[in-house]
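A.B. asks: With the sequences and hints as input, model every part of the structure.
2 protein chains.
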Amino acid sequence: MSEGVSDIDPVVVIGAGLVGASVGCALTSVGVRVHLRDREPSHAAVAAGIGAGTTAAPDRSAVGLVVVAVPPGALCGTVAAALEEYPNAVVTDVGSVKGTLLDELVAEGVELSRYVGSHPMAGSQHAGPVTAHADLFTGRTWVVCPHPATTPGTLAVAEQLGELCGARVVSFEPHEHDEAVAGVSHVPHLVSVAVAASLCDEVPRRLELAGQGVRDVTRIAGSDPMLWDQILTANGPAISHRLREVADRLMMAASALDQGRTVEPYLRQGVAGTKVLPGKHGLRQSEYARFTLPIPDEPGALARLFADADLAGVNIEDFSIEHDKYHASGRLQVAVDPEAAASFATMMTGRGWDVRPL
Amino acid sequence: MSEGVSDIDPVVVIGAGLVGASVGCALTSVGVRVHLRDREPSHAAVAAGIGAGTTAAPDRSAVGLVVVAVPPGALCGTVAAALEEYPNAVVTDVGSVKGTLLDELVAEGVELSRYVGSHPMAGSQHAGPVTAHADLFTGRTWVVCPHPATTPGTLAVAEQLGELCGARVVSFEPHEHDEAVAGVSHVPHLVSVAVAASLCDEVPRRLELAGQGVRDVTRIAGSDPMLWDQILTANGPAISHRLREVADRLMMAASALDQGRTVEPYLRQGVAGTKVLPGKHGLRQSEYARFTLPIPDEPGALARLFADADLAGVNIEDFSIEHDKYHASGRLQVAVDPEAAASFATMMTGRGWDVRPL
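Residue numbers (the UniProt record's numbering), protein chains in the order written: chain A, 1 to 358; chain B, 1 to 358.
Honestly, the hints are just simulated from the structure, not real lab data. Treat the hints with care, since some could be wrong.
Stated by the list, open to error - Straight-line distance between alpha carbons at most 25 angstroms, and here's what the computed SDA-like set of lysine to any residue pairs gives:
no.	chain 1	residue 1	chain 2	residue 2
1	A	275	B	202
2	B	275	A	200
3	A	275	B	226
4	A	275	A	260
5	A	275	B	227
6	A	275	B	213
7	B	275	A	275
8	B	275	A	213
9	B	275	A	288
10	B	275	A	224
11	B	275	B	333
12	A	275	B	200
13	B	275	A	215
14	A	275	B	208
The model shown is predicted, which means the values in this text are computed figures rather than measured ones.
C.D. replies: Printed below as a string of structure tokens:
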């Protein structure tokens, strides 16, 4: 066992889906004893089989932490029951919406000094324990959401959970968290869905002209509708006014186009928006040096490219491939630290790559 | 010179930006003589310097093909002038909107038997000749848009241009083309802009919770506003009613959320929409086998991964990296041909990668 985990050991994980089983794997890998529960005992057994913990029951009074990882609609009841069932444990949940859940718990009259909500931001469309892994949260953001009744000891345990899972822990007030995810996750999700849904109305042959742009815009629309319905309906008020504002922007753009007016000011707001998102390593997206280079669509080509970048001593911070859907070719866009840009361009050109700055 | 290019040689390219200069490079590379013109002589000189052709003037009556690659607002006048100036040449343009331009040319009373519009679908945010390259169109879709006055010989020359540039040539009626790009390109662009613009209204700290989803949705919003304004305003009628339909979908979702109703049917339409887009090699996106695996964010890791896939004899058809913006780690998602999926999983696991099916 790692040092300093005695406060939380043993841990009970309720709900052995992707997130619950991954928490189990992560804690097990650092020596914490994990007891798995699931309404479907077979799910807990599968999770135990991949190293997420044991299905044996713990000594209830000894449990230091309960992690509730059930579907959104079942969170309130499960958290309330866990606070009663494990009288000495801190209880946290890993749901995507925090303020609404807190309100429900308060309305139920639950005593909440041992409760604090968590939101590990490691989303996935894929729900089962089979895809669980100990590093699901490594390097991801893990939000803890203390409320007025949360004791410092409770908060410390929740923060320790995130750290033991390898995540970067940040703290948000519960309703502030919900406003944030409405803006940066739920609204983009619903907008992606609207664009994807509109494609169903097109004459099929027209879809042949689809490029990378529409694929990027609609990617997240492919996520699990049942899970997302629960997330979105739990955060309705924070989402709906933002969604109306986006709809209003679209209506304004439509009116401008109908009247033959310019939409350039509208487009400039979009460019500004792409620049406010934080990038990796604290750099903003706009601060990377970006290059494009052609890459043959054949086994070995990408291996050679990354090996050459490695020889150049340059880390490729981000990359994406844009490729044709019919022929064997593609172009890679790569982002590197601006300080490494010159040596990257020189070295790669020297090794025969047609590297162009973007 | 390649065989069969005598019909088009020599070619005049008017407008030495990214697309015009790339056409010049592609044609030059197959032995066609290219004469470059630009309102800014320095642009033509830069393009000539990277191998796109010569700035010397041709014998006007000998020119077989004129490619008009000027900004959208200047297309009509330039096409009309080129038809007069080069009396024996086929004239095509490479603008993104075709029906409106044809209507303008017809309204001007221009005789159009030697004109046919083209739309090489190799978009880029990057406008200058410096980023031009001979393979910009390789494997891309190149739309030709014949109209009733187009002669078979004119159409054949335009098709030959696309083929010499290495593209896959498809034919669309001009207004049908505009409807298609409104649906699969212009509307997604404007929606991406609306989401990106909305981020400017958020409290900055909330943006820390942004993940890969919103980055994908807003990527194309970073494109050149001046260029896109010209494209979008030229295709206003085809765009605006679709944009209103997307706005209506958002308003319906907002109403459902306000009333605490499910949005699952709405989300299911989105999932259906992601499945109608054609994938690479004729496979639909949904038909690939997809895997996820953790990958350390260090020089050499990606090189090793692609080298191992190469050893496995498996071509990675598509991939994307989702990574944390603060720590040194990431997860790669890869797509492979379903027939190669089993051997890919076995071989990669054998070489120490934690490959999981998605």
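A.B. asks: For this structure, which hints from the list above don't hold up?
C.D. replies: 4, 7 and 9
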